[in-house]
Amino acid sequence: MPAEAGVGTNLVAVAAYLPETSFTLEKVGELLGLTAVEIRRYRRFFGLDSVRWDPGARQSDLLVSAARRLTALVDNAHRVRYVLHARTIEPAGPYSANPLHEAVRDLGLTHAVAFAVSEHACASGLLAVHLAGRMLAAIGDPDALVLLLAGEKTYPHVAQHMPAATLMGESAAACLVGLGGRRDRLLAYTTRTYGEYNGVTRSTESAAEFQRMYPPALAELIRSTVVRAGLGLDDVRLILPHNVNRISWVRVCQLLPLPLDRVLLDNIAVTGHSFCADPFINYAQARSRGLLRPGDHYLMASVGLGSTFSVMLFRH
Amino acid sequence: MSRLAAIRHRPFDANPERPAFPGLTDLFAERLAAYGVPVDHDGPLIGNRNSYARMSEQLLPDLTAGAGPDLVVLAHCLPDCDLSTSVAGYLEQQIGGQPLVFAVTEQGRTTPFAALRVAQDLLRVGGRERIAVLVLDQATLVYADPALDGIDRDTDHAVGLLLTRDAPIRIGPVHQFTGVDADRVVGALEAELDRLRLPGDTTLIAGAAVPAVRHPYRRRTAAPQRMCTGVWVELAAELSGPAGAGPRTVLATEYEPDLGYLSLAVFEVPPDEGAAR
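Those protein sequences? They're chains A and B, same order as listed.
The first sequence begins at 37 in our numbering and counts up one residue at a time.
The second sequence begins at 234 in our numbering and counts up one residue at a time.
A hint or two may mislead.
Unchecked claim - Quick list of simulated restraints, FRET-style, between CB atoms:
hint, chain 1, residue 1, chain 2, residue 2, range
1, A, Ile175, B, Asp382, 33 to 41 Å
2, B, Ala470, A, Gly268, 54 to 62 Å
3, A, Pro252, B, Val419, 54 to 62 Å
4, B, Glu362, A, Glu245, 28 to 36 Å
5, A, Pro295, B, Pro294, 43 to 51 Å
6, A, Gly326, B, Pro457, 52 to 60 Å
7, B, Gly329, A, Asp302, 39 to 47 Å
8, B, Gln291, A, Gly268, 39 to 47 Å
9, A, Glu245, B, Ala424, 38 to 46 Å
10, A, Glu245, B, Gly479, 56 to 64 Å
11, A, Glu245, B, Pro504, 29 to 37 Å
12, A, Asp85, B, Ala470, 53 to 61 Å
To be verified - Partial selection, computed: residues in chain B whose CB lies under 7 Å from chain A:
hint, residue
13, Ile279
14, Gly322
15, Ala336
Claimed, not checked - Stretch-level coverage of chain B by chain A, calculated; a stretch enters the list once three of its residues show a Cβ under 8 Å from a Cβ in chain A:
hint, stretch
16, 267-277
17, 370-383
18, 420-434
Keep in mind the hints are simulated off the structure, nothing from the lab.
Being a predicted model, the structure only gives us computed values, none of them experimental.
Even glycine gets a Cβ: it sits at the ideal position worked out from N, Cα and C.
The following block holds chain A by itself, in its conformation from the complex (with noise of 0.2 Å):
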């Protein structure tokens, strides 16, 4: 698919909630039934570590205490039209828990119209962005606002299925997306879909090809979407990654080339892989360190299991 040009669409603001609660390898090993050599492996060959659970959270606590932390909603929620839960598996309770729902009351903003969106696995942050600036043009308020959450409850069964060599982590995300601002401007979305990996579980015989043509796709989607821009890899400044774990930024950076300390990996050891919400932290992370100046442009990158590649540019 190709890039498509943007309607102003932008980030206004990002928060990230990180649970305090940090699990170590070993622990998660025991949990998952990993075996010493594997979590040897993950430590040394995957780059992962700990991850951040919140074992006493529900799917609605994650979303409400991410948005807690989005400072610039408490003087903006009445411009808030939709809130959107960007979802990597869909089912987050029994059908009558509605745990966005919950949130959106817990958060004061029940005038504002509320769904999930997903079937891009963790790729599904990276679509509600592009739906909300579609949703917001068609509103023509420039004053409107969408609010976009992601993050999900981590669970044994999901994670000792998944054909990636990850943790997932109970991280989220909160982000006000806006259209006509100057902040981070969205300059292109790209996404593909490879139908023929399907298949989202460890059991499918198509696992083993998705880890061999992951890298090469991902290094072309990048890459396209910063030519169709006008852009060259020397122009990006940073790439906020998903988290899934290092060694797959290690072999996508190989392939475009960039150096790989254009890509911000260092959450992978401490949040592990937080569904959809890890390039908002990423994002909330570079903003707090200082790692963007005005002008720069930079990369969201989500893969999806299923299997969606989506890639977002921004100029900060």
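Once you've looked at the hints, dock chain B against the given chain A.
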């Protein structure tokens, strides 16, 4: 401006392949534990075992008449029974053309209205030309939920709407109202009907929880045992009926009492036109 090029309803009996969906019970057991909701680990899997991938694959060719869409929006409120397959990936393989595929969920019975709104927006400002909105209900579930008592377990349903910019039937903007408590539904709906000033011979296609209103419109009420497909099954039937000599207006409306969402969409049908033909 979005227009309706086609609408199709397809019921699904038991899937003859009877897939086992390994891991489904375990996945839900983890997700439901925090809510104190048990799953049935030992009993047979009850339901027709129609995954959303299967239902979408079978509905799309008839809906699109072989001319593939560039966007497919799935709308469902009940969870899929096959969580080991990406519907987006599966459809990308089956229908070709690399359409963008995603799902809109978690708005109960009004979920399809949210999906239709998103589709309209992407038709208007998203560069999309031919959008399939697939409204899906499957009832192969591994747990009991009081909100789902009485749902149709015998037949799963899929309704497809094909949106373009130049088809005969005009779809008005979707309106979604939030925070509408049960005691305010009548007032909110009547106020909106007053504002819309629809012709007297309008047909009102209403979800089962939508109360009677003072407006004298002919009413078709959706079957209560269907979740988010109810209104759209009735709309498909209405639009496939005998064409009239003059234009006609159809208003689809649904109320989700658990969330307080009231939704409406108007379909303006020109003379001698049936979308389902």
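Among the hints numbered above, which are violated by the structure, and what are their numbers in rising order? Checked against the structure, the hints that fail are numbers 9, 11, 13, 18, while the rest are satisfied.
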